[in-house]
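Asks: If you read the protein sequences in the order shown, they are chains A and B. Number 117 marks the last residue of the first sequence (the working numbering); no jumps. Number 112 marks the last residue of the second sequence (the working numbering); no jumps.
One should not assume that every hint holds.
[As the list claims (entries may be wrong)] Some chain A residues well away from chain B (every beta-carbon gap over 10 Å; in silico):
hint: 1; residue: L7
hint: 2; residue: P12
hint: 3; residue: E15
hint: 4; residue: E16
hint: 5; residue: Y32
hint: 6; residue: I60
hint: 7; residue: P79
hint: 8; residue: T86
hint: 9; residue: S100
hint: 10; residue: T102
hint: 11; residue: K114
[To be verified] Below, in silico cross-link-like pairs of lysine-lysine (BS3-like), each with a Cα-Cα straight-line distance of 25 Å or less:
hint: 12; chain 1: A; residue 1: K69; chain 2: A; residue 2: K58
hint: 13; chain 1: B; residue 1: K36; chain 2: A; residue 2: K114
hint: 14; chain 1: A; residue 1: K114; chain 2: B; residue 2: K40
hint: 15; chain 1: A; residue 1: K114; chain 2: B; residue 2: K19
hint: 16; chain 1: A; residue 1: K58; chain 2: A; residue 2: K114
hint: 17; chain 1: A; residue 1: K49; chain 2: B; residue 2: K36
hint: 18; chain 1: B; residue 1: K41; chain 2: B; residue 2: K22
hint: 19; chain 1: A; residue 1: K49; chain 2: B; residue 2: K18
hint: 20; chain 1: B; residue 1: K18; chain 2: B; residue 2: K36
hint: 21; chain 1: B; residue 1: K40; chain 2: A; residue 2: K49
Simulated from the structure, these hints should not be mistaken for lab results. These numbers come from a predicted model, not from an experiment. Just so it is clear, CB atoms sit at the ideal spot from N, CA and C, and this is done for glycine as well.
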Amino acid sequence: AQSVTQLDSQVPVFEEAPVELRCNYSSSVSVYLFWYVQYPNQGLQLLLKYLSGSTLVKGINGFEAEFNKSQTSFHLRKPSVHISDTAEYFCAVSDLSRASGTYKYIFGTGTRLKVLA
Amino acid sequence: ETGVTQTPRHLVMGMTNKKSLKCEQHLGHNAMYWYKQSAKKPLELMFVYSLEERVENNSVPSRFSPECPNSSHLFLHLHTLQPEDSALYLCASSQGGGETQYFGPGTRLLVL
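Chain A extracted, bound-state conformation (with noise of 0.2 Å):
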């Protein structure tokens, strides 16, 4: 079974600071690979994905993230963190699931990233 390994659960870093949030997959096969961010009392926002092509992969608000099959990893980057990035961050894995025809996503358990002034 697939498995996202999230091993930062919390990740303070101070304001214009660079920050990487880890991300490690299990798999063997082919996946999607994504990014949510999700503010507080509220649902989770796609931040980037990786579906193919170049590997590394820009999304909203300054965060890129780099896809490495060899190391089976998906960091999360920004080179300058504002406030407003304090919120909890997931990475997700998809694949097709057989059994429905829908694809399934797989959860890490979330790092929080808290930016201080």
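Dock chain B against the given chain A, drawing on the hints supplied.
Replies: Structure of chain B alone, referenced to chain A:
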């Protein structure tokens, strides 16, 4: 965001109550999903509907009963819940069961 809406946003219910959660998507999608988000646990997929037919049920207790009357609406009927069912319930949709899902804001449920 108004692509996927959920009502109510907050719900408090007793263990003997019956209530329903509603999800509506305005994206023209034809697959819809219910997830449960509990504290310190990964999001758990509960149900998947594709073309209004339930195609996945991830061992969810029968006290949760989904309904999908059309491709735009999804309900989760709740009855005789337990306190451990308190969580954020998220609805999502996708096109053709596609690889990208779009989420609603969730309903925060508290069972007393």
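Asks: All the hints need checking, so say for each whether the structure fits it.
Replies: Now the hints, each set against the structure:
1. L7: 14 Å, holds
2. P12: 18 Å, holds
3. E15: 26 Å, holds
4. E16: 27 Å, holds
5. Y32: 5 Å, violated
6. I60: 12 Å, holds
7. P79: At roughly 25 Å from the nearest Cβ of chain B, P79/A sits farther out than 10 Å, so the non-interface label holds.
8. T86: Its Cβ never comes within 10 Å of chain B, the nearest being 18 Å, so this holds.
9. S100: 4 Å, violated
10. T102: 3 Å, violated
11. K114: For K114/A, whose nearest Cβ neighbour in chain B is about 17 Å away, the distance exceeds 10 Å, so it holds.
12. K69/A - K58/A: Measuring from Cα to Cα gives roughly 17 Å; hence the hint holds.
13. K36/B - K114/A: 24 Å, holds
14. K114/A - K40/B: 17 Å, holds
15. K114/A - K19/B: Violated, at about 36 Å.
16. K58/A - K114/A: 21 Å, holds
17. K49/A - K36/B: 22 Å, holds
18. K41/B - K22/B: Satisfied, since the Cα-Cα distance of roughly 23 Å is no more than 25 Å.
19. K49/A - K18/B: 38 Å, violated
20. K18/B - K36/B: 18 Å, holds
21. K40/B - K49/A: Holds, because 24 Å separates the two Cα atoms, which is no more than 25 Å.
The structure fails to meet hints 5, 9, 10, 15, 19 from the earlier list, while all remaining hints are met.
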